[in-house]
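Enquirer: So the sequences go chain by chain: G and S. Last residue of the first sequence: 376 in this note's numbering, with the numbers rising by one and none dropped. Last residue of the second sequence: 376 in this note's numbering, with the numbers rising by one and none dropped.
Treat the hints as calculated values from the structure; they're not laboratory data. Treat the numbers as computed from the prediction; the structure is a model and nothing was measured. One should not assume that every hint holds.
Since copy identity is lost for identical chains, a pair holds within one copy or between any two.
[Claimed, not checked] Okay, derived cross-link-like pairs now, PhoX-like style, lysine-lysine, Cα gap no bigger than 20 Å in a straight line:
#	residue 1	residue 2
1	K87	K331
2	K87	K301
3	K315	K286
4	K284	K22
5	K79	K331
6	K87	K315
7	K325	K119
8	K313	K27
9	K22	K331
2 protein chains.
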Amino acid sequence: MKLKIKKDVLLESLNKVSKAISTKNLIPILSGIKFELSSNGLTLTASDNDITIQAFMPKDDNMTIEKEGSIIIQGKYILDIVRKLPDEYINIEVIDELKIIIYTDNSEFNLNGINKNEYPNITLEESKKVVSINNKVFRNIINQTSFATSSDESRPVLTGINFKIVGDVLECNATDSYRLAKKVIKLNKPVEENYNFVVPSKNLIEFNKILDDGDENLELHIFNNKILFKYNNLLFQSRLINGNYPNTDNLWPTDSILTINANLEELYNVIDRASILTSDKEKNVVTFEIAKDTLLVKSSSVEVGRVEEKMKIEKDNDEEMKISFSAKYMMEALRSFTGSTAILIFFGEIKPIIVREKDDDTLSQLVLPIRTY
Amino acid sequence: MKLKIKKDVLLESLNKVSKAISTKNLIPILSGIKFELSSNGLTLTASDNDITIQAFMPKDDNMTIEKEGSIIIQGKYILDIVRKLPDEYINIEVIDELKIIIYTDNSEFNLNGINKNEYPNITLEESKKVVSINNKVFRNIINQTSFATSSDESRPVLTGINFKIVGDVLECNATDSYRLAKKVIKLNKPVEENYNFVVPSKNLIEFNKILDDGDENLELHIFNNKILFKYNNLLFQSRLINGNYPNTDNLWPTDSILTINANLEELYNVIDRASILTSDKEKNVVTFEIAKDTLLVKSSSVEVGRVEEKMKIEKDNDEEMKISFSAKYMMEALRSFTGSTAILIFFGEIKPIIVREKDDDTLSQLVLPIRTY
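Construct the complete structure from the given sequences, taking the supplied hints into account.
Expert: So, in structure tokens, the structure goes:
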């Protein structure tokens, strides 16, 4: 293997695939990045057995391929070396089969490589039936739902985001059983068969970090126990979580008794201040008291003291309301919207609250109340 | 106690004094901030028994004093409340002796306070003999020497910065016995008596964080076992470290055999890259090989591989040199200078290296070599 490649191009791909390298990995070979150079270009692959990331750099003016070949290079060193080299172009050459030389005019690194045959055989196969989603829309799904997943491994299925595809409708749900996030989008074309699968939330969050802001389509290649995402020259594969995702449809209450409209940012800040004296241990409980055109947000802690915040709101009827909930969950629900007007729908003191935004009909958040007496 | 005060003014002082509040403190009262309101203004005090910080806000247009008084308020809550209140002015009132109300138009916080008499009696007395140093010069001393102090508590005196004042010369030394930083500045006027004391490095680093970039003078009030710094309306008191600071004068070698000049930033980067393959455990050892007008920086690790970096330098004679040292210590020494030309003076393979900067004669760094054979 021998090539000359533009530093910035290589660094961008290295940064992406290195997200799959875990320092806690028990399999030493997986701390390496696989370099594969063919006449078409350079492919980098990294994996922690849970996710696999592959980046392909096609042969172009940024690259001079002198000799094809493959080698495994220690991930943390190659990333640090490429990041810190000041040169525009970097040469990488394998000699004596396993000796890697990385060099520029004034720098020369000699690294011990590992034979490519020792790398686990990870297939990144594509499916014939592909679901396409706009990249920005897909990133929004992750940003607006992933926070509601559970971190408790005792019910693994709740640690993932549930994707349900029927016809041209994709519905995503995330819940830790205290709150629920639901995002519904329309696909450009209907799927041939329906899908219902759960992707680990933490893997989607990692994937989101390496996606750019581009407007291209992202392809989902869905298998029984894994999913492959394809975006331009980037492949990201994740395992799926086994098990049946709970039916969340019947969690949404009906027959509301009161709906309020409020400035979203102000509402967020008012709850934030009201929760200053609460503690995580006590689930940051705050209480809403709604009467006339005013919302009072209260909380108290015997040892520390109590808070009372008030703000103007709009109501759809004269109903009054008193309800308590976790400030943290409500704030995370509010923060998932980008618009300026929050809509809160109440169904009773011990019924969940629905949170929406005036100009966004794709996203709904549900926050469970907490009994305080 | 009752006052109305501009939020930004109060927040700035709270941010400063709260640096003295330790979450690990075993004395509960020290998690509080003492508020003392007199007809002259508001004084805030916080302490962790090791350092004490006091900020005074004089009565001016930013403050309406309605009733004098004192109270202790939980530090973490008052800081969070004031930071998150959106209002321009904040009202603070003590009722029923120990109930604190913090309120604005739409927010009201009721906190449980603590009687001021329960706060330890910390005196922040000033000395009659004062040493004055320009604030920027003082901050430079901390930035350019503190990194060289030891973190090993087995020799407490080396965890501090040594200040020696004789006549109008202040000499500051910091060493962990592997490297030594020395800063010498001229005071505006000579002191009446000589001083030699050691201030804990971590306390000076905390103090540095709350000092602004102002050009005013900072006063040092020096006592037997403590030092009080006074800067505008800010007081910062630290304990001094007992024990004799070692005499560092005889550590500086004489009769150099070679001096090189090099671009400081380039030299830093070359050493940084050469140390990529080394580990902290091995003290990040790199080797300089100087011949003709070229510096080679090399390092190697049996398991990982080896690096060779080269750069152009200027030499004062034809002497060649090979010397090994800790890349980390050399990089920290280089980073302490602001100028662009590093001067490295060599005295032999097993003698310390002196690091200076071409346009700065106030600062000298000493880095000990490491035997590699």
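Enquirer: Now tell me if each hint is right for this structure.
Expert: Here is how each hint holds up against the structure:
When the C-alpha separation of K87 and K331 is checked against a cutoff of 20 Å, the pair qualifies only between copies, where the shortest distance is 16 Å, while the shortest distance within a copy is 41 Å. For the homomeric pair K87 and K301, the shortest alpha-carbon distance between copies (16 Å) is at most 20 Å, but the shortest distance inside one copy (52 Å) is not. Taking the closest pair of Cα atoms, K315 and K286 never come within 20 Å of each other, the shortest separation being 26 Å inside a single copy and 62 Å across copies. For a Cα distance limit of 20 Å, the shortest separation of K284 from K22 qualifies neither inside one copy, at 33 Å, nor across copies, at 25 Å.
For a Cα distance limit of 20 Å, the shortest separation of K79 from K331 across copies, 18 Å, qualifies, whereas the shortest one inside one copy, 36 Å, does not. In this homomeric assembly, K87 and K315 come within 20 Å of each other (Cα to Cα) only across copies, at 19 Å, whereas the closest approach inside a single copy is 54 Å. In this assembly of identical chains, K325 and K119 lie within 20 Å of each other by CA distance neither inside one copy nor across copies; the values are 64 Å within and 38 Å between. In this homomeric assembly, K313 and K27 never come within 20 Å of each other (Cα to Cα): the closest approach is 48 Å inside a single copy and 35 Å across copies.
In the homo-oligomer, the alpha carbons of K22 and K331 never lie at most 20 Å apart, since the shortest distance is 29 Å inside one protomer and 27 Å across protomers.
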